[in-house]
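Turn these sequences into a full structure, and let the hints steer you where they fit.
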Amino acid sequence: MNFVSRIWLPSAVFVAFLLALLNREGLYKDFVENGRFVSEGLFTHGVQIGAWISAAFLVNRLITVFFWDGFIGALSERRIPRLPKDVTGIVIFSIAGLAIASTVFHQDTTKIIAASGAVSIVVGLALRTVILDLFMGLAIHVDRPFKMGDWIMVHQNRVETHIVAEIIEINWRTTRLRTTANNMVVVPNSKLGETIVTNYMEPTPHFRMELDFVIDFEVPVERATRVLTGGIRAACGLKGILAKPVPEVRMKESSLNGMVYEVRYFILPKDISPNESRHEVNRTVLEHLVHSGIMPAHSKEEVTLTRGKQRMLDASLDEDLYQLLTRTELFRSLSAGEFAAVFPQMQKRTLAEGEKLYAQGDAGDSLFVCLEGLLERFVDGSKERLKVDTLRAGQHFGVASVLNGTARATTVEAGTEALVYEIPKAAITPLLEQHGELRELLKKSAKQTAKQARAKCEEAQRAKQSEAKGEKKTAMQKVMQSFFPGFTGSNKNKGDEGDEQT
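Under our numbering, the letters of the sequence shown match residues 56 to 557, in that order.
Hints were generated in silico from the structure; no laboratory data involved. Values in this document were obtained by computation on a predicted structure and should not be read as measured data. Glycine is no exception: its CB is placed at the ideal position from the N, C-alpha and C atoms. You may find that some hints are simply not true.
With a Cα cut of at most 27 Å, we get these calculated DSS-like pairs of lysine-lysine [as the list claims (entries may be wrong)]: (1) Lys499 x Lys519; (2) Lys442 x Lys499; (3) Lys246 x Lys307; (4) Lys294 x Lys506.
Distance windows between CB atoms, simulated [stated by the list, open to error]: (5) Arg338 x His196: 39 to 49 Å; (6) Tyr83 x Val120: 46 to 56 Å; (7) Phe86 x Ile186: 47 to 57 Å.
Have a look at this one:
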């Protein structure tokens, strides 16, 4: 029987063509008559179906472009999620399907709706979790507890498992988050609707961060607060870390290792992530602590067999002050004898917050070294003072007056309580003659200060010119301009314009 399975297919093909050959005239006549009927039916129904589907596609695209992306997008000034657009498309194409069944195939749509209801019950029982995610996604879009681009915290059972992330997409079933570790977390909408969510960007687009620093009890509270305040305000020059609301330092609690100080500051998450802000603030605060001779406290257990050795440096003591000053860039290259000759001529200056050290245009024949705290440098603009930069612990300034004998080019004020030392020109001049690298360092500092001051003045001038060109348009003005290009939003009429021209 093996040969039968091998020859039956070619035998059947030969028999079929043989029968067609014997009845070819009748088959041809039937094919022509039936083919014309089928082709006419396909063309007639196809054109009608195509018209309905293309109309639905056009209406859906118009609603997406002009309503969702145009009107709603301009009002919210954010990218519209995909979910409402998909819902609109499903509704429009469902209506088009019912219209095709009614007008093209002449079917009773009530029966179709009734049958679809029964099918929906069966499908709903099978896909109840998916449907719950869908409706929860719609509820999130209507209630708007968060928007795309917002930073949120999804609360879990334990604090260490809380998720801090940015909303990157809200779709049918899930919400996608980007964590501070740059990983994507996919959360079902039903789970997100049941948990507690903290929105960091509402009601304002910025939120507060906290960092703890443990300082030994030997350090006075005033000194620790001054140094930490200078460190956090120095970080405010970075993009995303805000100077207003003003950062602050609070005594949080006492621990076995020392006093815990809480550094509070605000960030704008669209410019900097929480983790990146922690890195920058830790860096600047630790830099100020090191230059001030303070080290963060740590867990320790001491057994003292001899007289205890002082671990912290205090600027009020000459031997500690000597060590602190030699750590600065200005005196780092000097020998012990050269610095010992300059040290007695230096004058201590203690400044309160907001106190002016010197003003622009004042005569001066000395330079300064900041030892603790934070100073701010300003230059006079056309109408107001412009902030040039901040001066941190360990930095020197007031160089131009010593090198060139000119008046003070900027104004320096204390941004926090500060401790500075003034060095007269007579004390530094012999060192400049012996150390060429020290002279180059001071020249570089003077050039950098002048460059920053010019840049601030030019920036203020450009801002003034841009403000003169016109105020920023409101969201409603943007929408009206998108529909009516000639709309300007101005309340002036032609008569007013004529008066102005006159």
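For which of the previously enumerated hints does the structure constitute a violation, in increasing order of number? Result: hints 1, 3 break, sorted rising.
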